[in-house]
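Peer 1: Listed here are the chains, written in short residue letters.
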Amino acid sequence: MAIQVTPTIVGADIETTRRDLRVRIRKSFAGGFTLDADFAASPGITMLFGASGAGKTTLLDCIAGLQRPDSGLIAGGDQVFFDSSTGADLPTPLRRVGYVFQTLALFPHLSAADNVAYGLVRKPPNERRRLVAEILERFRVSLTAPRRPSEISGGERQRVALARALVVAPSVLLLDEPLSALDAATKSHIMDDLRAWNEAASIPILYVTHSREEVFALGDRAIFLQQGKVLAEGTPHQVLAAPQQEAAAQLAGFENIFDANVVALHESQGTMTCQVGNSGFYLEVPLGRIHKADRVRLGIRAGDILLASKKPEGLSARNVLEGTIASLTRRDVTMVAEIDCGVRLIAHLTPGAQQSLGLTPGSKIWLVIKTYSCHLLRR
Amino acid sequence: MNLQALTLTIKLAVIVSAVLLLVGLPIAYWVTFSRLRWKFLVEAVVALPLVLPPTVLGYYLLVAFGSQSALGRAYQSLTGHTLAFTFEGLVIGSLLYSLPFAVQPIAASFAAVDPKLLAASQTLGAGGWKTFWRVILPLSRPGVVTGAVLSFAHTVGEFGVVLMIGGNIPGITRTISIDIYDQVQSANYAQAGQTALALLLFSFVVLSLVYGLNRRAWAAWPSK
Chain A
1 MAIQVTPTIV GADIETTRRD LRVRIRKSFA GGFTLDADFA ASPGITMLFG ASGAGKTTLL
61 DCIAGLQRPD SGLIAGGDQV FFDSSTGADL PTPLRRVGYV FQTLALFPHL SAADNVAYGL
121 VRKPPNERRR LVAEILERFR VSLTAPRRPS EISGGERQRV ALARALVVAP SVLLLDEPLS
181 ALDAATKSHI MDDLRAWNEA ASIPILYVTH SREEVFALGD RAIFLQQGKV LAEGTPHQVL
241 AAPQQEAAAQ LAGFENIFDA NVVALHESQG TMTCQVGNSG FYLEVPLGRI HKADRVRLGI
301 RAGDILLASK KPEGLSARNV LEGTIASLTR RDVTMVAEID CGVRLIAHLT PGAQQSLGLT
361 PGSKIWLVIK TYSCHLLRR
Chain B
1 MNLQALTLTI KLAVIVSAVL LLVGLPIAYW VTFSRLRWKF LVEAVVALPL VLPPTVLGYY
61 LLVAFGSQSA LGRAYQSLTG HTLAFTFEGL VIGSLLYSLP FAVQPIAASF AAVDPKLLAA
121 SQTLGAGGWK TFWRVILPLS RPGVVTGAVL SFAHTVGEFG VVLMIGGNIP GITRTISIDI
181 YDQVQSANYA QAGQTALALL LFSFVVLSLV YGLNRRAWAA WPSK
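From first to last, the protein sequence lines are chains A and B.
Numbers 1 to 379, taken from my numbering, label the letters of the first sequence in order.
Numbers 1 to 224, taken from my numbering, label the letters of the second sequence in order.
Just to be clear, a hint being listed does not mean it is correct.
Partner residues are not named here, just some residues of chain B that face chain A (Cβ under 7 Å, in silico) [unchecked claim]:
| hint | residue |
| --- | --- |
| 1 | ALA112 |
| 2 | LYS116 |
| 3 | LEU124 |
Pairs of lysine-lysine, DSS-like flavour, derived with a Cα cap of 27 Å [stated by the list, open to error]:
| hint | chain 1 | residue 1 | chain 2 | residue 2 |
| --- | --- | --- | --- | --- |
| 4 | A | LYS311 | A | LYS364 |
| 5 | B | LYS130 | B | LYS39 |
| 6 | B | LYS116 | A | LYS123 |
| 7 | B | LYS39 | B | LYS116 |
| 8 | A | LYS123 | B | LYS39 |
| 9 | A | LYS292 | A | LYS370 |
| 10 | A | LYS187 | B | LYS116 |
| 11 | A | LYS229 | B | LYS116 |
| 12 | A | LYS370 | A | LYS311 |
| 13 | B | LYS130 | B | LYS116 |
| 14 | A | LYS364 | A | LYS292 |
| 15 | A | LYS310 | A | LYS229 |
Bear in mind the hints are in silico, worked out from the structure with no lab data behind them.
A virtual CB, placed ideally from N, CA and C, is assigned to each residue, including glycine.
Throw the hints in and build the complete structure from the sequences for me.
Peer 2: Printed below as a string of structure tokens:
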């Protein structure tokens with residue numbers, strides 16, 4: 001499976017249904033930053049991924065009406081939120097948008113139940129009570145109902161914030177890194193409950209994150225935003241695993257990025273040989289639409305590099321290289337090894353593996369890199 | 001002790017702090033949330049009584065109350081008497097004099113409300129008015145109480161403005177601070193001391209009650 005060129009899908013080209021969120025906006029800021037986003041999000045969870053400063057929160061604020069774009073169109077459900085061509089600009093309270101902020105913004109003076117009931121003032125009291133009880137039950141926080149936000153746990157607060165945003169039946173849900181403070185298990189339980197809820201409601205959910213793990217773990221689709229622009233759109237795998245853009249690559253966790261020259265093409269095998277820089281470090285990588293002597297940029301994840309203390313034999317992997325350990329540092333439960341093999345490479349291993357191989361700085365080591373672990377980032 | 005002066009003073013302070021609460025809330029709201037470029041001019045005007053000597057404020061009020069001014073003439077044609085040296089005139093003077101003491105703590109507590117809470121309120125369908133009543137005001141309770149207490153206390157203790165525009169008419173404009181000044185002037189030290197002590201105790205009891213009751217308001221904040 002060679003790397004495929006996935007064309008960036010642009011919102012205007014997609015057939016949209018009435019349930020989709022459609023966004024095509026421009027907004028310029030005094031400092032020179034311009035948000036220029038064009039996409040559509042269908043029902044389900046779309047991860048909005050990008051570094052801080054990429055314009056993710058500005059984008060959400062424009063959808064919610066908390067900031068005003070210079071021009072463009074925003075529509076969700078059967079409402080046009082904003083349309084500069086007709087001058088339409090629906091005020092925030094009238095937009096059917098649920099928004100869970102990074103800080104959650106639960107009202108500190110109200111109980112969890114009153115927080116959830118906040119958006120239901122127009123409903124008769126009986127129905128209001130029923131809706132609040134129902135959604136607290138759905139999100140497993142019925143017991144927190146009489147308590148204030150300061151008196152419940154972090155995970156419960158997230159659940160109450162979700163319930164508050166969803167109880168008013170919005171046609172779009174915006175989540176601004178709401179779960180970033182939670183551990184993985186709590187996070188995935190909450191997302192499971194959100195998914196279950198959305199099976200019936202079936203609305204587009206835009207989930208802002210800068211974490212690659214969250215994009216893979218939580219998203220049905222992903223949009224990659226860089227410097228205010230949509231660079232890639234597709235499945236999390238399309239956007240992140242074989243990134244066409246170097247910026248996406250760095251965010252996607254490529255610890256090793258090299259410039260290399262193509263020295264040989266092996267078309268029948270679907271591979272090519274690249275020389276990294278001017279070193280004696282050669283790698284066999286998947287064939288791209290490329291010519292001999294072209295310069296390419298390669299990305300290799302530190303976790304995709306296998307280490308061996310003796311020269312391994314009988315492997316399918318095409319790249320078996322000799323090197324020396326330059327340094328070893330422990331980061332949480334990962335050992336980060338810097339390896340000198342003509343160029344410097346970063347490899348990750350577990351502390352147990354380090355001990356059983358008896359690795360110390362200066363140790364001779366063999367590196368094993370699968371052809372398909374070498375990602376072509378740029379032609 | 002001059003009971004008449006004491007009740008007059010309390011009546012004046014209650015009226016003034018009640019009116020200031022009604023007037024101060026919208027002014028504080030406007031000062032906090034307006035994006036107008038000339039906002040700072042209004043802020044400066046509201047804060048003027050803090051720096052001006054009471055005699056300067058009193059002087060301008062006397063001029064405004066007099067028959068030379070449009071306000072003075074209008075009031076006179078309506079009621080048949082001038083505002084100067086009346087209880088109504090004293091109320092108006094005290095309102096202006098104590099305005100910053102009501103507006104500033106209220107505005108400060110409005111500004112301390114997390115803007116994300118206001119955004120959240122909007123996304124939940126609440127407009128400006130509902131957001132004010134359901135989020136801003138409940139979370140600003142300590143500031144609103146402080147504003148009311150400070151304007152009450154400041155009115156009880158004012159002297160210069162009262163002397164300028166109210167004079168010293170028993171039962172109408174002779175407040176307790178004027179009364180104490182009077183007693184000292186006539187070497188009536190024992191009585192002055194008694195009145196002063198009564199004022200001191202009254203103020204202490206009111207402030208303790210308010211701050212004691214107000215302590216609970218902070219429980220509204222999350223313990224982060």
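Peer 1: Indicate, hint by hint, whether the structure satisfies it.
Peer 2: Hints, verified against the model:
1. ALA112: Hint violated; ALA112 (chain B) Cβ to chain A Cβ min 12 Å, cut 7 Å.
2. LYS116: This interface hint holds because 4 Å falls under the 7 Å limit.
3. LEU124: holds (4 Å)
4. A:LYS311 x A:LYS364: Holds. LYS311 (chain A) to LYS364 (chain A) sits at ~10 Å (cutoff 27 Å).
5. B:LYS130 x B:LYS39: holds (24 Å)
6. B:LYS116 x A:LYS123: Holds. LYS116 (chain B) to LYS123 (chain A) sits at ~25 Å (cutoff 27 Å).
7. B:LYS39 x B:LYS116: holds (23 Å)
8. A:LYS123 x B:LYS39: Outside the cut-off at roughly 39 Å; violated.
9. A:LYS292 x A:LYS370: holds (21 Å)
10. A:LYS187 x B:LYS116: Roughly 23 Å between the alpha carbons, so the hint for LYS187 (chain A) and LYS116 (chain B) holds.
11. A:LYS229 x B:LYS116: holds (25 Å)
12. A:LYS370 x A:LYS311: holds (15 Å)
13. B:LYS130 x B:LYS116: The given pair, whose Cα atoms are some 16 Å apart, holds under the 27 Å limit.
14. A:LYS364 x A:LYS292: Outside the cut-off at roughly 33 Å; violated.
15. A:LYS310 x A:LYS229: violated (48 Å)
This entry does not satisfy hints 1, 8, 14, 15, going by the numbered hints stated previously.
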